[in-house]
Amino acid sequence: MSLRDAFESGRFVVTSEVGPPKGTDVAEMLETAELLRGRVDALNVTDNQAAVMRLCTLAACVHLVNAGHEPVYQVTCRDRNRLAIQSDILGAASFGIANVLALTGDHVVVGDHPEAKAVFDLESVQLLEVIETLTKGTDFAGKELHGTPELYVGAVVTPDAVPVKPQLAKFEKKIEAGARYFQTQAVYDPESFKSFMELARHFDVKVLAGIVVLRSARMASFMNRNIPGITVPDALIAELEASEDPTRTGIEIAARFINDVRDVCDGVHIMAVGAEHLVPEVLEAAGLAQEVSA
Amino acid sequence: MIVVRQKPVEEICSMVARHRNVLLVGCNTCAAVALAGGEKEVDTLIELLKLTMRRKGETTEFSGCVLQRQCEPEFIEHLDDRVYDAILSLGCGAGVALLSESADKPVYPALDTLFIGASQGFASWRAECSACGKCVLGQTAGICPVTRCAKGILNGPCGGVNNGQCELGDRPCAWVEIYDRLETLERPEDFKEIIQPKDNSVKTTYNKLDLSGEGGAR
Amino acid sequence: MNTPRVQEEVGSSTGKLFAPCRAACPVHINVPGYITAIGEGRFTDALETVLERNPLPSVCGRVCLRPCEEGCRRCQLDQPVAIASLKRAAADHGAYPAVLRPRRRPESVAIVGGGPAGLSAAHDLAELGLGVTIFESKPKLGGMLRYGIPNYRLPDEALDRDIDHILEYGIEVETGVKVGTDIAMDELRERFDAVLVTAGLQASRPLPIPGSDLPGVLTALPFLADSACGEDVELAESVIVIGGGNVAMDVARTARRQGAKRVDLICLESAQEMPASDEEIAEAELEGVRIHCSWGPREVLGEDKVMGLRVTRCTSVFDVDKRFSPTFNEDNVQEFYGGTVIFAIGQGADVADLGLPLTQRGAIDVDPLSLTAGSDRCYAAGDVVSGPTKVIDAIAAGKRAAALIYRDLTGVSDIIDELDEEHAVLSKVPDAMGQKLETRRRVEMERVEFYDAVKNFDEVELGYTEYEAAREAQRCLSCTTGARLTREKCAACLTCMRVCPHGAPSGEVGGYLYFDADLCHACGACASQCPAHAIQLEGCNDAELQRRVDRCLFNPELDTTLAFVCGYTPDLLDVIGEKARIISVPCLLRVSEAAVLDALQSGAHRVVFSGCNENMCRFPNAMPLVAARVARIKSLHTEIGMEDAFDVSGEEPAEVAAQGEGVAEGGAAS
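Protein chains in written order, with the working numbering: chain A, 33 to 326; chain B, 13 to 230; chain C, 12 to 681.
Incorrect hints may have been included.
Said to hold, decoys possible - Okay, derived cross-link-like pairs now, BS3-like style, lysine-lysine, Cα gap no bigger than 27 angstroms in a straight line:
#1 B:K204 with B:K220
#2 A:K149 with B:K220
#3 C:K189 with C:K401
#4 C:K401 with C:K151
#5 C:K500 with B:K62
#6 A:K197 with B:K204
#7 B:K19 with C:K645
#8 B:K146 with B:K68
#9 B:K62 with C:K645
#10 C:K466 with C:K272
#11 B:K210 with A:K149
#12 C:K151 with C:K189
#13 A:K175 with B:K210
#14 A:K175 with B:K215
#15 B:K146 with A:K149
#16 B:K117 with B:K68
#17 B:K117 with B:K220
#18 B:K117 with B:K146
#19 A:K197 with B:K62
#20 C:K272 with C:K333
#21 A:K168 with B:K117
#22 C:K447 with C:K401
#23 C:K500 with B:K19
#24 C:K590 with C:K500
#25 B:K220 with A:K168
#26 C:K401 with C:K27
#27 B:K146 with A:K175
#28 B:K62 with A:K149
#29 B:K204 with A:K226
#30 C:K466 with C:K151
#31 C:K645 with B:K68
#32 B:K62 with B:K146
As the list claims (entries may be wrong) - Using C-beta positions, here's what the derived DEER-type ranges look like:
#33 B:R66 with A:S119: 54 to 64 angstroms
#34 A:E223 with B:G154: 36 to 46 angstroms
#35 A:D144 with C:L569: 27 to 37 angstroms
#36 B:D182 with A:E223: 46 to 56 angstroms
#37 B:P200 with C:R451: 34 to 44 angstroms
#38 C:E63 with B:G154: 24 to 34 angstroms
#39 B:D182 with C:E63: 54 to 64 angstroms
#40 A:M85 with B:P118: 57 to 67 angstroms
No lab work stands behind these hints: they were computed from the structure.
Glycine residues also receive a C-beta, built at the ideal position from the N, C-alpha and C atoms.
Working from the sequences, and respecting the hints, build out all of it.
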């Protein structure tokens, strides 16, 4: 079932992600994908995540399609201009890759090639418009396409950004530019997330709550300090600190959150960040394992 | 104004090392205002180069002068560089280029040209304009996202905004500032308009500007 | 808004701008100029600056009545700078410059009277190349300076230093010659192209009251002259001095030194009206002189010698029009007992023998514009024209006469034009600026205790040491020695505006940058940062510093350290080591990056910045700028691999550290 169908079926959608390798050996990536087969609706494939150079997303998506998975092709604006991005998206569509997630992308300065030229010929809102144009049968310059891609387009939003108002205003621009669904940055406070969803519900878009499984109090504090837009409440950090098995506690926290918000949003996007093996456990703890595979 | 900064001494030395008599030429416009290319810095650099070369056992000689503006042919015309076998320019890139055009000897840059900026008080400047050729300041409350946003993006803050700061940690988020100022100006609806990808062709078109011809001159 | 005073570059046509001290000085000595030099320990430079305008620095440093100090802008903050005492320090510690005799011109001038007016005129004329001969009736030159002012205030050695320097210009001197008696005016007129009479006031008479012809009645000038020549004047144990001016104080104090056990000073004026300076009065009282105000002498008592003085109460000295018209209460009578009465009630001219036109008062009647008396080529100036004035007024009069004579004899009017050139004067310290300036008490000069002072004629005030002088000079606000803008070079970067602590540079007038001199106290922040070298300071500027560095680095050794030291921080030898060659600057900001690099090429093995210290700094914005400069110089040196060639000695000098400890202890105790 495609991601679009999953959303349109009205059931609670689950997605996760895999990262392409630094190098040509895709075995590990495929193993991870295998671990999640049947448990998630789609797998995001990151695009030189955190500006660290890796195997190209398009190729990774092709490998996943070939293995029978449903990939979400993440496209950032950091490394390619509008020509390259359009041609890559057409290329992806030609392999049957239907899901595209439009992102601006981290700056090269934070990655492993900080001296690279940051392109940003487009950014996320403009990228969404460019994709929208492609799906209507022309390129961004208005030239007709031979073969029109059919794409299901997503974008991201950070509900806990500080300050939040410009972020929400941009969220609206992304919807106007053609985003059909959103994945959020990791969220932990159900109440705060619910108030975001109250706003989001004014628009005809699907929203996946972003989940990053906490594995220790230290990891939670680190994210609070270093990752913009993520706020782990103090109570959760205390809970992790008090726990004898923090990993287990983290899984419980994620499951609890999912249950808290499952009535207000359309699904969850679980970012494993190097611990994909925990994803099935979270789903099990949240009672979601059955639903997806059904 | 054009904001410039002096290159590392070693880099300058390596350029002028093979010459025996070098003329340092300052520029009393932007480069002087940027505290990098006026008479003071010409004097300082001469002393620095003399000292460095002498320590290296070289006998290169250095003299200096300052032009009112290096990017004007008429000012350059009066430069008497006959006895020198190289010129070291303390002007911006435009100055170095124009000097090179009229000189019959190598012209080297002593400065790196950084940005078009505005003063932030004593000895401090901020990049304010990238000379993109298509000004959007009218939509962005006078804050240039092309320049002040690290990514130069045009439709709002990226997800990296961190307490109003850029994810690079070296500046405030331009888009948060734009949003705030639009609110102050009671024009928040301006933010909603999607700004189209930039027409970068103007950068190619305007590799020169000539208003002297018919109909062009003002 | 008042039009700001704009300090243009030197040589502009807008006229001169004087600090109030300089403006108040009758000869307009460049006071801020020499005080700045002393502040940096350059006493010889300071002396040369004084000598440009005043050939008697050693004299004026001691006895000038200091109109300059009343003008000092420091008066608004605390006390005026001790300008006169610093002039003395310049003469005490500086070296009189060798005189380069100018080419001799054909014109010659006779000067009648070798007092301050005559000496000044002689100096100026001889400096211009004219032949000058001074005719002096007394055995030595100096006039009132030698024979009127007592040695305890102006020792002969101090006077002779100035006179010797003046005479080096090749001036002829004929002493012991009284013009009008020994030689006729007509002969002088014949022998010389011009004659200048600066005979001063030589006549000193008693009041025409009964008994004033008794033995034991003296007059001030002969008494002072005899004392000045070291003669023992026979005085009674009790001496009565009549008069309320400075001469009377000198007489009274001299009488104490001549052995009088008791000295009563009787004056007509009330304590407030006394013409003597407050300091002179105070010192006389401290030396035991009893002052009795508002008494008018009626009779010198005694049969064949003086027994005392009868006085009546003076009820007022001046009438409603401020004219001298004393009234008395004849019923209020008092008698003072004493064996000697000395009249010190003013001096008169004694020039009847010269055959010149005289005023009713007996002074020489001159044309006020040309200073000529009666005939062409005969001039008169000084007290003999104006009546009693200050020494510095006599000097000014002599210089003016010299300038006029020079013009009349040569047709060149440069000198008189310069004297007459108009000047603007700096205003008061604006409040906002005053608030940012620290107060600092005047450095007290060491002096002989009063009970010792009356034992002999040795000088009472001992003068500043070099260190004390520098400290006192550093109180100067450096008015008018600050920023000068060269507009043609200005890049309009506005850096000066951003670093000035007082807002002196401004862009408001006519779209150009200008400097409001009222707001500038020459901290040098603007000049130090100006990228275009468009700002120079009057005092220690780049060129001056270069000269001093060259001088200092003459014949360097392999390991010579050149230390630039903030002149405002006390003795730093401990910190920078004895071997260092030291250049003291008003602020380390005066030392540019280029100056440091240049010094290293000129022979210095190492350059050290020393004494930049928060506790001593008197300039509001300087410390962070010095810190930034130090960082820049360090980074430049690091870039070229010479980290060791530049250093900063940041230790506090012992004096300051000790103060700090005291505070800390006090804090702990409370």
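Each hint tested on the structure:
no., hint, in the structure
1, B:K204 with B:K220, "violated, 35 angstroms"
2, A:K149 with B:K220, "holds, 25 angstroms"
3, C:K189 with C:K401, "holds, 24 angstroms"
4, C:K401 with C:K151, "holds, 21 angstroms"
5, C:K500 with B:K62, "holds, 25 angstroms"
6, A:K197 with B:K204, "holds, 12 angstroms"
7, B:K19 with C:K645, "holds, 16 angstroms"
8, B:K146 with B:K68, "violated, 49 angstroms"
9, B:K62 with C:K645, "holds, 17 angstroms"
10, C:K466 with C:K272, "holds, 11 angstroms"
11, B:K210 with A:K149, "holds, 17 angstroms"
12, C:K151 with C:K189, "holds, 12 angstroms"
13, A:K175 with B:K210, "holds, 18 angstroms"
14, A:K175 with B:K215, "holds, 23 angstroms"
15, B:K146 with A:K149, "holds, 21 angstroms"
16, B:K117 with B:K68, "holds, 24 angstroms"
17, B:K117 with B:K220, "holds, 25 angstroms"
18, B:K117 with B:K146, "violated, 37 angstroms"
19, A:K197 with B:K62, "violated, 57 angstroms"
20, C:K272 with C:K333, "violated, 37 angstroms"
21, A:K168 with B:K117, "violated, 58 angstroms"
22, C:K447 with C:K401, "violated, 36 angstroms"
23, C:K500 with B:K19, "holds, 25 angstroms"
24, C:K590 with C:K500, "violated, 40 angstroms"
25, B:K220 with A:K168, "violated, 38 angstroms"
26, C:K401 with C:K27, "holds, 25 angstroms"
27, B:K146 with A:K175, "holds, 24 angstroms"
28, B:K62 with A:K149, "violated, 37 angstroms"
29, B:K204 with A:K226, "holds, 24 angstroms"
30, C:K466 with C:K151, "holds, 26 angstroms"
31, C:K645 with B:K68, "holds, 20 angstroms"
32, B:K62 with B:K146, "violated, 45 angstroms"
33, B:R66 with A:S119: 54 to 64 angstroms, "holds, 58 angstroms"
34, A:E223 with B:G154: 36 to 46 angstroms, "holds, 38 angstroms"
35, A:D144 with C:L569: 27 to 37 angstroms, "violated, 51 angstroms"
36, B:D182 with A:E223: 46 to 56 angstroms, "violated, 34 angstroms"
37, B:P200 with C:R451: 34 to 44 angstroms, "violated, 58 angstroms"
38, C:E63 with B:G154: 24 to 34 angstroms, "violated, 58 angstroms"
39, B:D182 with C:E63: 54 to 64 angstroms, "holds, 57 angstroms"
40, A:M85 with B:P118: 57 to 67 angstroms, "violated, 38 angstroms"
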